[in-house]
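So for the sequence shown, the working numbering puts the first residue at 1; every next one is plus one.
There may be inaccurate statements among the hints.
What the hints assert, rightly or not - Lysine-lysine pairs mimicking BS3-like chemistry, simulated, CA-CA at most 25 Å apart:
no., residue 1, residue 2
1, LYS181, LYS194
2, LYS200, LYS224
3, LYS224, LYS181
4, LYS187, LYS200
5, LYS128, LYS181
6, LYS194, LYS224
7, LYS128, LYS187
8, LYS200, LYS181
What the hints assert, rightly or not - Computed Cβ-Cβ distance ranges for the label pairs, DEER-style:
no., residue 1, residue 2, range
9, LEU147, HIS185, 32 to 40 Å
10, SER161, LEU72, 45 to 53 Å
11, LYS194, GLN241, 37 to 45 Å
12, LYS200, LEU147, 33 to 41 Å
13, TRP175, GLY240, 32 to 40 Å
14, THR145, GLY240, 34 to 42 Å
15, LYS200, GLN47, 32 to 40 Å
16, GLY240, PRO167, 35 to 43 Å
17, TYR146, PRO190, 29 to 37 Å
18, GLN210, ASN75, 30 to 38 Å
19, ALA176, LEU147, 23 to 31 Å
20, CYS116, TYR146, 14 to 22 Å
21, LEU205, ASN229, 20 to 28 Å
22, ASP232, THR145, 32 to 40 Å
In case anyone wonders, no lab produced these hints; they're calculated from the structure. Just so you know, even glycine gets a beta-carbon here, dropped at the ideal spot from N, CA and C.
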Amino acid sequence: MTTLPTEIIFRHGLEQRQLILNEKLILALNDICSRVNLELEELAKSQQIKNIVQVTRQQIRTQIISTNDLQLWCNERINYPPANQLRRVFIPFYEVKDIDNIFVYYKCHFHPIGLCWVSSDDAASTYKTLFQGVPIWVSNINQQTYLISHVMGDEAAGITSAMSVIPQSRRLMCWAHMIRKYREHRKLIPNEQKWLHVEKDIVNLQLCFQDDLFNQAASLLLCKWGLDNQLDGFCTYFEGQ
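Using the sequences and the accompanying hints, generate a full structural model.
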């Protein structure tokens, strides 16, 4: 009986093991390819169905758009228009929260208008001219009656006085202006902790979006602050605003 050298037996074992691994690898690759092909077939079918539906809908119901069409419309207008097309609609940001019960009133149009006002001062007479002129200028552009409903600005005395020519309008103040202005009176409350509590109250007050609720909350704050003698100076300032 002849015995094979140990080296030959070892090499033969390695070759057999490598063959087994190659077979398993080939089977795994074939399985992966099969699954990928199935997925591609499903995607192709899905795209074909989508194309058929889109073409059919365009042929028989061109006046109705889908949510996909609306999203595509937004994406196509996401960039700011060039200088020679400033009136073209653009949508720098949009968010989809609900695709059910969508209603679009297509007869409404939003027309942002930029005005450049050049003046030598910010007196009340200047703002009165501005507030009286805006409705005329906008009406000439939109061919519709226009009234100023809101005025956003700082607490300049000229704006305050000029509001008399538009009594139907609401006076709003920019948050950045407001917080910067009342912080100028920080020295009225020497105690650091008490100042932080007052500032937190003012920040929370800005969350009252209804006039009645805002006025009631402001009155309650004044009553609360009035219990502390160290806040009397700031209460007087705040109430005057």
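Taking the hints in turn, this is what the structure says about them:
no.	hint	in the structure
1	LYS181 - LYS194	holds (18 Å)
2	LYS200 - LYS224	holds (13 Å)
3	LYS224 - LYS181	holds (22 Å)
4	LYS187 - LYS200	holds (16 Å)
5	LYS128 - LYS181	holds (24 Å)
6	LYS194 - LYS224	holds (12 Å)
7	LYS128 - LYS187	violated (35 Å)
8	LYS200 - LYS181	holds (15 Å)
9	LEU147 - HIS185: 32 to 40 Å	holds (35 Å)
10	SER161 - LEU72: 45 to 53 Å	holds (50 Å)
11	LYS194 - GLN241: 37 to 45 Å	violated (19 Å)
12	LYS200 - LEU147: 33 to 41 Å	holds (37 Å)
13	TRP175 - GLY240: 32 to 40 Å	violated (20 Å)
14	THR145 - GLY240: 34 to 42 Å	holds (36 Å)
15	LYS200 - GLN47: 32 to 40 Å	violated (55 Å)
16	GLY240 - PRO167: 35 to 43 Å	violated (21 Å)
17	TYR146 - PRO190: 29 to 37 Å	violated (49 Å)
18	GLN210 - ASN75: 30 to 38 Å	holds (37 Å)
19	ALA176 - LEU147: 23 to 31 Å	holds (27 Å)
20	CYS116 - TYR146: 14 to 22 Å	holds (18 Å)
21	LEU205 - ASN229: 20 to 28 Å	holds (22 Å)
22	ASP232 - THR145: 32 to 40 Å	violated (48 Å)
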